[in-house]
Structures are given as C-alpha cells and as structure tokens.
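J.: Spelled out, the chains give:
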Amino acid sequence: METTAHIDFIAAAYAAAVIVVAALIAWVALDHRAQLRKIAELEMQGITRRSAAAPGRPTEQAAESAREQAKA
Amino acid sequence: MALLDLANPSRFLKFANSVVPWLAGVTVLVFGFALQQAMVAPNDYQQGATVKIMYLHVPSAWLGMLCWSLMSVAALGTLVWRHPLADVTAKAAAPIGAAFTLLCLVTGALWGRPEWGTYWVWDARLTSELVLFLLYLAVIALWRTVEDPSRAARAVAVLTLVGAIDLPIIKFSVDWWNTLHQGASVFRIGGSTIYPTILMPLLFMTGAFTLLFVTLLLAAMRNEILRRRVRTLQLMQANAAS
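As given, the protein sequences belong to chains H and F, one line each in that order. Quick note on numbering: the first sequence equals residues 461 to 532 in my numbering. Quick note on numbering: the second sequence equals residues 5 to 246 in my numbering.
There's no promise every hint is true.
For lysine to any residue, the following SDA-like pairs were computed, each having C-alpha atoms within a straight-line distance of at most 20 angstroms [as the list claims (entries may be wrong)]:
id, chain 1, residue 1, chain 2, residue 2
1, H, Lys498, F, Ala113
2, F, Lys175, F, Ala113
3, H, Lys498, F, Met240
4, H, Lys498, F, Thr236
5, F, Lys175, F, Thr236
Simulated from the structure, these hints should not be mistaken for lab results. Computed from a prediction, not measured in an experiment: that's the story for all the values here.
This is chain F alone, in the form it adopts within the complex (with noise of 0.2 angstroms):
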C-alpha cells in the first residue's frame, strides 16, 4: 500500500486495523525492556534514586512537544492542503498531547521537591510547558464548541499554528533565560551530559513512550473516522425523516 493511498480514510482505517495490534504488542515489549533497564540503572552521585523519575519526564515533555508539532503539520494540511485526513490527526492527536504534557508537569513537580525544594517556580521552562498545556486544553475546548467539523478545523488549526511559537520557547528557554531547571543535557552541541549507563535506559524508555504514543493516535484516529460516519449517518436519519 503506497503512502498517499493512506489519505483515503476507507483505507486508512484497513491499514489501521491491522496495525494497531501489532504496534500495541510491540510497545508492550518494549515497555517491559526499557523498565527493566531502567530499574536497574544506577542511582545518580549527586540525586540518588530520583532520577529514575527522569525516565517518565523527559520521554512525556519530548512527546507532549512532539504531539504540538504534528499538530502544527497537520494544521497546515488542514489550511493549504485541505488533506482529509489532516483534521483527523489534529483531532485525535490534542487528547495525547495533553495528557502526556500533564504527565510532564506532575512529574517534573515530584522531581523538583526533592531536588529543588519546591514543587513548582514560575521560571521561564516550567511556565511555558504549562502554557502548553493550557493551549492543549484551549484546542480540546475549540473541537468540543464548534459543531461543524471542518469549521472546527480551520479554527483549531490557527490556534494550533499561532500556539506553535511556544515550541521553541519550552527548547530555549533554559539558554535565554536564568532557570532554576537544568540546560539542554541530552539532545545538544557537543553530545550528552548524561553517563551512558544513565542516558541508555534513558533513550528506551522514550522509544517505548514514542511506541505508546503512535499506537494511541492510530487508534485514536481511527475512532475519530467512525465518529464522522456515525455523524453522516446521522445526518443522512435526519434527511430521510424530514
């Protein structure tokens, strides 16, 4: 099946049904791998045991950026393209985005207090992940107000486009700005701060919350293409009664 062939939602629903099993037993694999290697990954000189929380806050930040950015491409597809499938993406991708993003700041809370001493500062990092969150649940409220789909669509893809400036914000705010949370230590200029008995776990575990992540946006895509023909044939009801 080529890719473009995907556009079509008949057949994007055929390839989803038969990938989602798969991409679900492999995530459990590699779940159960990277925890393992996590567990026994050993404890930091300076933290001790608290940073195995960084196993669970950095995979769901990076997700909750990444779920922003195929939101930001899917907006485009909705705006220029009119891609039928590029609103179903967007739709079904916010509920992840934010819970992944949630995940993120309790996390990162529970990880400051022992760290820092506080559960939370407005520094420019913290604010503007919760900021992104904020947006998250302002596109979930904009799906949920405007009844049109394809209305909902064009509105949510300009807030979508317009919230993507904070992307770069959440990257670099740690270098513009004095943050009380730590500078770029995995992805950066001059390779990984991180000991490789540390950033290894590390890595597997974002590949399994990435694993995670595509499975439920498939799935959660392919809910969203049943949601609209249970709407047109609503629709087609209400036609025939009338």
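Chain H with its partners taken away, still in its complex shape (with noise of 0.2 angstroms):
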C-alpha cells in the first residue's frame, strides 16, 4: 500500500489531535489568568483570606501575579 494511500485521514486524525490539545492548554491557561484576575480584584476591594492574612501566602502571591500579568 502506498504511503500516499490514506494520507486525507491520516491528517484529519492529527489535525483533530492538534485542536484537542490547543483546547485544552487554551482552557487551562485562561481560566488560571481569569481565577488570578479575580482574586486580585476582591483583594483590592480589601475582601482576604484569614489564613492569608500573612505575607507570603500563596493567594497574595497570585493577586500580585495578576496584578503584575495585568500591568503587562
């Protein structure tokens, strides 16, 4: 059998994979930014965690990412 046989669905199953994967990485990336946004503005409404309270903490970590990501 030729290499050149099935090449049509031979593509179409790698291009569905390549979409598959953009999805998903998109999916996570942007909901990571969207979830960091939103903490970053509840923080600056002066709405915090107890636990949080302290420097350091992962949540004050990531409102001052999103702070920073949305200065950029």
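Two chains, two separate frames, one set of hints: put the complex together.
T.: Shown next, in the form of structure tokens:
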C-alpha cells in the first residue's frame, strides 16, 4: 500500500489531535488567568482570607502575579 | 516536601506553581522526540501509512481510561476519607478525560474508514468507549448543576464509581464479544503482537501523552483550588455586605 493512499485520513487525525490539545492548553491557561484576576480584584477591595493575611501566602502571591500581568 | 503535605491546598498550590513549568518543558521535548519517532516508523505491511493514526488513537484511549480510574480513586477519597484534594482532582480531571476520549473516538473513526470501510459500527468496544465519553459529559454536567461544591462532589463520586463498571467492559469487550475492533495487541499475556519498530514509537507517544495529561491535570487542579478561593472570598464579601 502506498504511503499517500489514505493521507487525508491521517492528516485529519493529526489535525484533530492538534485541535483537542490546543483547546485543553488554552482552557487551562485562560482559566488560570481568570481566577488570578478575580482574586486580585477581590483583594483590592479588601476581601482577604484570614489564613492569607500573613505576607507571602499563595493567595497574595496570586494576586501580586495577577496585578503584574494586568500591568503588562 | 512529604507527599502527605500536598493534601494541604496551599502547599499543593506552591508545589504545582513550581512543577508545572518544568513538566510542560519536559512534555514538549518528549513529544518532539516521540513524534519524530512516529513519523520515521515504517508503514504496516497490511495497513500501510494509516498505522500512523495508531500513535494518536491508542494513547488517547489509554488516557481516557486512566483518567476515569484516577477519578474513581478520587471518588473513594471524597466518600470515604473526605480528602481535601479528592474532589478537586475529580473535577479537574473530567474535562481532560472527556477530551482524550473524544480524540480516541474521532481518530478511531478516521482509522476505521480506510481499514474497515466504515467510520462507525455499534460493536462492543466502540459502544462502550462512547458510553465512557457520555459518562464524562454527565459528570461535567453534574458538577455544573449542583452549586455547593461539597454536595456536587458526593453526587459526582457516586456517579464516577458506578461508571467505573464501564472500564473492564471496554478492556475485555474484544474478548467477551465478537467485535469488528481488533483484540488486545500491546498489553496481553504472551507479549505484544506489534513489531518493535512500530511498538517503540507507540510507547514513546504514550509516554508523551501521559506527561501532557499529568501537566494539564496539575494545572487544572491549581485552577480549581483558586476557583474555590474566589468562591470563599465572594461569600465573605456577601456576608460583609449583608
């Protein structure tokens, strides 16, 4: 059987894989940015978790990271 | 950091923030190597070049089942031990498992048309795989239906454990029933029936897909923890306003 006999099906399968993987990566990345932005907005309004009151806790780091992203 | 420390969501966030970028880098490198191996692998003597679809189809089928197995363990964690990360894992894993199961079905159809002469038959393997995809959609819908995350987690855990019955059906469907889908050829008693020059790229691709899955899962779990923090802060805001 020639290599090119069913090239359409092979190309379609790899295209489907690229679409699915790209969609998953985009979903995870965009969701991450959205959650960090929401936390930053809430913390800027003075709403802070009691356990995150100490400096350097992850929530504050997330908010700081989101603020930096927003500036960029 | 001890493994048990990761049960704490804050420590898990710290762990995920440091590990995800490295895992992503390793995944890209392994994918590059595995794809190169898949492209230079010889054609099958009967199927020709369409065997290259196998390098996508088999890993995505494996991940679809692995993901549900992981969700089943997480379901036990939710119902029995009430582990803080169990329902986070289950919720984060569901869309990823659904995506890989969908990819398995699509690549299977595109492989079936040139080899079997049809995109789809209602045989036991294909139908049980479709049932798995529908179960994933049901789990995602259930998470969105129940507003309280802890109540949703318990309902999803029950559905996940019931749905786990489909896993052995998928695996052994080709042995229990007369199916158009071929029997087991990679993991079977007596060893693989695939020639090493085709088998090795398949194992590399399976490794690359598994690394991708782990990376996406850790990132999605991180997002889910942050989403719960947002919810907590919003509840605090609502309480302060009332």
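J.: Each hint should be assessed against the structure and marked as holding or not.
T.: Status of each hint after checking the structure:
no., hint, result
1, Lys498(H) with Ala113(F), "violated, 41 angstroms"
2, Lys175(F) with Ala113(F), "holds, 18 angstroms"
3, Lys498(H) with Met240(F), "holds, 14 angstroms"
4, Lys498(H) with Thr236(F), "holds, 12 angstroms"
5, Lys175(F) with Thr236(F), "violated, 41 angstroms"
In the structure shown, a violation is registered for the earlier hints numbered 1, 5, in ascending order.
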